[in-house]
Amino acid sequence: MIKVEHLTKEYKRVVRREGFLGSVRTLFSAQYETIPAVNDISFQIDEGELVGYIGPNGAGKSTSIKMLCGILVPTSGHIQVNGLTPHKDRMKNTRQIGAVFGQKTQLWWDVPVIESLKLFRDIYKVSEAQFKHNMSLFNELLDLHEFQNTPVRQLSLGQRLRADMAAALLHNPRLLFLDEPMIGVDVVAKERLRNFIHEINRDQKVTILLTTHDMVDIEKVCSRIMIIDHGRIVYDGNIAQMRAQYGKQRKLVVEFEETIPDFSVPQATLTHSEGRKKWFAFNRFETTPSTLITQISAQFPILDLAVEEPEIESIVRTIYQRETESTEAETK
Amino acid sequence: MKIFWSFTRQAFQFVSVYRFNFFAEIFLTLLRMYAIYCVWRILYTQRPGAFSVDMGQMITYGVLGMALEIFVWSRPQMYISQQVKSGAIDTDLMKPLDFHLHMLARSTGETLVGASLAVPALIIAYFLLGVNLPPDIGTGLLFLFSLGLGYLVLFHLNFLLGALSVVALDIRHISWAYYSVVRFFGGQMVPLWLFPSFVGIIAGVLPFQSTYYIPMSIYIGKFTGVEAARAIQFQLFWLVVLVLTSRLAWGWAHRRLVVQGG
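Residue numbers (my numbering), protein chains in the order written: chain U, 1 to 332; chain A, 1 to 262.
Keep in mind the hints are simulated off the structure, nothing from the lab.
It should be emphasised that the depicted structure is a prediction, and the values quoted were computed from it without experimental measurement.
Errors might be hidden in some of the hints.
As the list claims (entries may be wrong) - So, partial list: chain U residues that the calculated Cβ filter (under 8 Å) puts toward chain A:
#1 43
#2 66
#3 71
#4 73
#5 91
#6 94
#7 95
#8 101
#9 111
#10 119
#11 122
#12 263
Idealized CB from N, CA, C, for every residue including glycine.
Using the sequences plus the hints, can you model the full thing?
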């Protein structure tokens, strides 16, 4: 579905000199610095996949998505989206894809939602039957009818995103790019949007590339995760693999029958202690929970137990940090 | 064609949101028409034979020029510049529309909304200020054709400026000067035949006269026969040049496009 090879996008930026004289000099002889926003990335996405595309701010996520949409022209490298080169066949390409950019709306600000959707119908040459069918689907899944006559500028953020989602899917695209589609949305609306994304991926086999900062989104809906940082892909694989590879650390939470002083257990470190509860961190390749429990229960009576998996967020944080360190090392 | 209508419909809706504007604009247009009417009346009483057309023709020219203020209503270059600055240009490029034609459709919609204002103002002016009708139906039709060409020439000049804004980002200052040039060299208020020779020569080769001067001169019967044909040829020539340049310029700008923010 998507094939990206050695894709690079560089921006030129004027280096501003300081002070008034400096800005005058910049006016006459500007110096440019080249910033690689996306630096030689390659990946492939197959039909029907739901891929989480994550990375810190400025990592190059949006830039790469905009190249996949044909909005930006790559500096070098190849992109194929369903057999098309996006920036060369921009118009054809946009017919087979849909996109929601969470921070901006594709709808027209001053007109009611339904008018915008009708204009989309005309632009994408959607047949009347298909339009009706999709509208009833959106009414069912997104409750579009509740606000379809309201101008976009009067919608709440959650409503606006639902309307944008409808606009992106009106022409039944095979591929959907969601660039931070749930930014600033409340918990309930978020859950609904997540379910909706999951459903269209499962029922209509729409391939989805989802950019988000919310790891819960990734955990709940994505089958695969790609992490980009400093313009490079630093991880590409499924979530279980990532856990296995990076999430060596587990936590054992023990609740004792009474408050007891801190003590140590071999191959585990006490990280936190609160009331009758204590947290022990351990590497799951060095020891097992059952060994630890046996050791602990031999000393003190235990009331309750739990083993905590590392949160995906902390794993991702580890990956980001590792990447930052290695880039810093490189520049030195 | 259907999309064209959709955009027009949208532009209409946009205007209906700001309904008060509609009547205020008609009133303002009438005021401008009246002002230019007074100026020419006074000048003609002072020196009746100095302007090579009669007073009725000249007043018609002036009033028409004010009605065609609607040409500068639609400013695609400002739209493009704003979209690039805010980063919203990606929502335009996400649509399966040729960007150049998309802008043309938008602009045409806006100009047609303007026309819905100019026509009532002209009808009122016809009764109050004694504006001439075109001498015959043929001239009227030729005028409309030439007017269409004039609109297209101006649109493409605007579009080129818009393509420039992709790289230059801020074109507000240029835009202000640009409209003075359009109005002056276009002959919106003062017809080109009254220009001093040197300025007249410059105005004669620039594309701006296509917008106001040529269609309006045809309307009042100043350009007839061969002269009218040559004027329309001039418009067509510039239109072809500008369409080709616009296509190239947009390709150039698109490669340099940077989407701001997110």
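These are the hints, each one checked on the structure:
1. 43: Result: violated, 21 Å to nearest chain A Cβ.
2. 66: Given a least distance of 6 Å, the restraint on residue 66/U holds.
3. 71: With a minimum Cβ separation of about 4 Å from chain A (threshold 8 Å), the hint on residue 71/U holds.
4. 73: Holds. Min distance 5 Å.
5. 91: Given a least distance of 5 Å, the restraint on residue 91/U holds.
6. 94: holds (4 Å)
7. 95: holds (5 Å)
8. 101: Given a least distance of 7 Å, the restraint on residue 101/U holds.
9. 111: Holds: closest Cβ of chain A sits about 5 Å from residue 111/U, inside 8 Å.
10. 119: holds (5 Å)
11. 122: Interface hint status for residue 122/U: holds (5 Å vs cutoff 8 Å).
12. 263: This hint is violated: residue 263/U lies away from chain A, its Cβ roughly 50 Å from the closest one there, beyond 8 Å.
Comparing the model with each numbered hint stated earlier shows that hints 1 and 12 do not hold.
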